[in-house]
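For the record, the sequence lines run as chains A and B. Read in this note's numbering, the first sequence has 97 at position 76, and its numbers run on one by one without any break. Read in this note's numbering, the second sequence has 781 at position 329, and its numbers run on one by one without any break.
Calculated from the structure, these hints are not laboratory results. Accuracy of the hints is not assured; some may be wrong.
What the hints assert, rightly or not - Some but not every residue of chain A turned toward chain B, in silico, with C-beta under 7 Å: (1) 40; (2) 44; (3) 48; (4) 57; (5) 204; (6) 208; (7) 250; (8) 274; (9) 276; (10) 364.
Where a beta carbon is used, it is the ideal one built from N, C-alpha and C, also for glycine.
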Amino acid sequence: MATGGCNKNPRAATPLTDFSAPFVFGRFQVPVDNPLTEEAVELGRRLFYDPHLSANGKVSCSTCHIQRLAFTDGRTTSVGVSGRPLAFNSMTLANLMWGPQRFFWNGRVATLEEQTLVPLQHPDEMAQNLERLVTELRKDAKYRKLFEKAYGETSRAAIIRALASFERTLVSANSRYDQFLRGELTLDAQEELGRKLFMAHPDVKVSLRGANCIDCHSQFLTGGSSARYDGFSNNGLDDEAHLQPGLQAVTGNPAHRGMFKVPSLRNIALTAPYMHDGRFNSLEEVLDHYDRGIKNSSTLSPLIVEADNRGGAASGRISLHLTATEKVSIIAFLHTLTDHDFVTAERFSDPFARK
Amino acid sequence: MVPGWGSAVSSAAAAPAAAARESNARRNVEESQALVLLRGLPTLNTVHSIAIVELNPEAKNFGAILQEVELPKLVHPLHHLYYSPNGRLYSTGLDPKCSLAEVSLARNASGTAVIKGVKCLDTGGQQVGEDIIWHSVKGKEYMFVTFMGGTGLDQPDCGSVGVFDPQSNALIKIIQARKSVVAKGAPYILYPHGLSAYQDRLVISSTVHPDLKTGVGNAITILDLNTFEPIQNIVVEDAKPVNFSSSPVEVLFVRPGMVAGVTPAVLVNTMFGFETWKIPYNEADKSFGAPVKAYDGVKASTGVPLEFYGNQTELFVSHALPGIVKRYKLSGLPELVPSGPDIKTGAGAHHMIFFSTASGRKVIAVQNNLLNLGNAADNDPTDVDFIAKVNDHSITVHDLQTGERLAKVSFKDRYKKGVENVEALFGSGFVHHH
């Protein structure tokens with residue numbers, strides 16, 4: 022990617038040693054040219070929370086990615102320097118090292134480094150001129166020192182790499198469900214029923230009831246699917262006439278119309294409103310959508326079409342036919358994905374905040 | 453710092469020259485890495501350990517130990533590795549101080565898998581842990597572990613099945629039914645090793661006393677999981693090619709979850725009988741039929757059949773002598789319908805894993821060691837002649853389609869250790885082990 026090179030070697034870049042991630046999340050790779058270092062992460066955290074990165078000095082990354090909301094903003098769609106509502110709902114920032122090969126709801130960039138550039142420069146988001154930003158940062162003694170230690174220079178590439186490094190450290194791994202996976206606790210009966218429904222595709226032939234969640238949300242604990250465009254789906258939000266471009270805007274492929282990124286479900290109870298356009302205000306509304314609100318279209322996921330706990334998929338009516346108890350149980354399970362440590366951890370918090 | 457650092461948008465958009473990086477990131481370089489349990493060999497002054505090893509035959513560092521954690525406090529090594537359904541890693545063990553353990557894994561800042569430690573679990577005195585399965589009974593999940601030494605190696609008829617809470621690892625129950633304790637003719641549990649379950653029936657084998665001289669079994673035991681009690685023994689024995697009892701070792705309850713529509717049956721490998729037996733199961737009345745010999749090693753010139761492994765289409769059975777893996781059509785089960793030529797590995801062919809190499813070649817890696825008990829040539833005090841003939845101390849990697857040997861690492865030559873067990877680092881790479 023064209024982030025430019027960091028020409029100087031940092032003198033004191035320290036490999037990140039105070040870092041441990043769950044084995045079960047799977048393999049991740051950090052770019053060879055942007056290893057995780059203490060200095061890069063410290064710099065990235067400061068930049069992430071600094072409103073001076075925006076054209077009007079009022080909008081930082083954290084404006085739309087608030088820690089207590091699992092790095093979302095609670096809005097239907099975000100609002101940046103222009104004051105105009107953006108096209109999409111703010112996506113959570115957690116466990117971004119695992120899975121995603123395409124970022125944003127419509128998958129418009131391929132790397133975390135590239136991702137940091139988009140909001141920085143977008144006229145409605147932060148509207149920043151990167152060359153001017155570099156000039157200003159070089160005038161600041163504190164930043165000059167931080168950049169020197171992390172990357173050996175203050176540059177556009179260093180800004181991008183530092184932000185990406187901080188975002189890579191946003192690891193959420195201590196929800197009740199994480200603790201369950203580690204054997205530290207047992208889910209209660211309602212959560213356990215929800216877990217089983219979440220994991221099951223309904224099959225009336227063997228009397229297996231399921232909510233069909235895992236079919237699309239297979240990477241629900243991390244950042245998404247690791248396959249190039251596999252982690253995108255049309256989940257029946259709109260009918261044929263109202264399908265939005267979605268992934269098609271990136272690929273040009275009509276078969277991708279109406280498909281959006283299947284998001285992580287980590288901390289989902291904190292990240293309302295839901296969907297790419299924030300149309301649902303609660304998890305109850307989301308469950309109602311999947312249960313009886315699916316709209317058919319040419320690109321609707323076949324995994325949704327055929328999922329019916331009454332086996333009536335062949336009739337053409339798309340419905341999961343979940344019971345009220347089942348829906349409540351699934352929501353109870355989704356609440357086990359909330360990681361309170363993550364949303365309060367000081368290492369992820371605003372370094373400018375008064376103690 | 454002053455606000456308002458300009459407002460114009462840079463025209464220098466990021467050019468995504470990340471295709472190569474993206475491709476590299478997607479490739480799972482970990483797929484060819486394996487966890488191995490290594491046994492220190494007393495005459496070679498080495499220590500038992502658990503290690504991560506590179507097994508990609510195309511890699512320059514094939515056979516390299518990437519990380520190793522030594523277990524100096526154990527006289528006997530860890531024995532078999534298993535991932536739980538929730539991705540937790542367990543190991544059975546041969547040392548009385550550590551008959552069952554949970555192995556802690558994590559990832560460091562570069563994404564590399566790291567063995568963090570080994571925590572020995574309370575087994576209530578049960579010894580010589582062998583196999584583990586996780587199985588649900590009446591909606592409740594349990595971890596079942598066979599302990600070939602039961603609650604004491606001093607018992608000539610030792611053996612038990614430990615029932616554990618899979619969340620807390622707490623021991624729930626010790627299932628024991630020693631021959632000398634139960635009524636004459638009543639179902640017994642003796643030197644259990646293999647175990648496999650379907651619905652409310654658990655099948656365990658009766659293998660050999662851990663001291664390899666006090667006694668040898670010749671039957672399997674059926675347990676009713678409604679009561680956790682043994683309800684039946686079934687003898688599986690015919691030829692005695694080495695004048696021992698048949699010593700059933702691994703069992704596999706062939707079931708619909710493994711092969712859609714299959715008629716359930718139990719397959720049993722007899723270590724000293726050299727045979728594979730099929731025991732029909734009538735799901736309607738929960739009865740087991742008369743055992744039928746499905747494979748005769750004496751006729752086929754193979755011996756010491758050990759493990760059952762499977763992938764999506766085939767069942768693989770390892771035979772320590774002469775060191776081969778036979779393969780059968782999964783769709784043909786419970787009959788053993790050959791699906792391809794034998795894979796010639798090494799003496800002691802035992803555990804195996806499956807993976808794809810970086811170039812996409814599908815391979816099978818086989819651990820060739822029966823028990824790692826040393827070798828007379830080393831004047832090893834732990835040597836047992838019969839056993840020493842089935843210890844190649846190696847892992848061989850073969851093309852899965854053709855069986856061609858692609859690479860071999862001898863752990864004895866390279867690390868002065870025996871290799872006790874192999875398991876794929878991230879998940880098992882197989883679907884039907886027990």
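Interface hint status, residue 57 of chain A versus chain B (Cβ within 7 Å): holds, 5 Å
When the least beta-carbon distance from residue 48 of chain A to chain B is tested against 7 Å, hint result: At about 5 Å, which falls below the 7 Å cut-off, the nearest Cβ of chain B leaves the hint on residue 48 of chain A intact, so it holds.
Status of the residue 40 of chain A interface restraint (C-beta, 7 Å, chain B): holds, 4 Å
Restraint satisfaction for residue 364 of chain A [CB to CB of chain B, less than 7 Å]: The hint is violated - residue 364 of chain A has no Cβ within 7 Å of chain B, the shortest such distance being about 22 Å.
Chain B contact restraint on residue 250 of chain A - CB to CB distance below 7 Å: Status violated, d = 12 Å.
Closest C-beta approach of residue 274 of chain A to chain B relative to 7 Å, hint status: Violated. Min distance 18 Å.
Satisfaction of the residue 204 of chain A interface hint, Cβ to chain B closer than 7 Å: holds, 5 Å
Interface hint status, residue 208 of chain A versus chain B (Cβ within 7 Å): At about 9 Å, which exceeds the 7 Å cut-off, the nearest Cβ of chain B leaves the hint on residue 208 of chain A violated.
Given hint residue 276 of chain A near chain B, where the shortest CB pair must fall under 7 Å: violated, 21 Å
Hint validity - residue 44 of chain A Cβ closer than 7 Å to any chain B Cβ: Because about 4 Å separates residue 44 of chain A from the closest Cβ in chain B, which is inside the 7 Å limit, the hint holds.
The structure fails hints 6, 7, 8, 9 and 10 (numbered hints given earlier, in ascending order).
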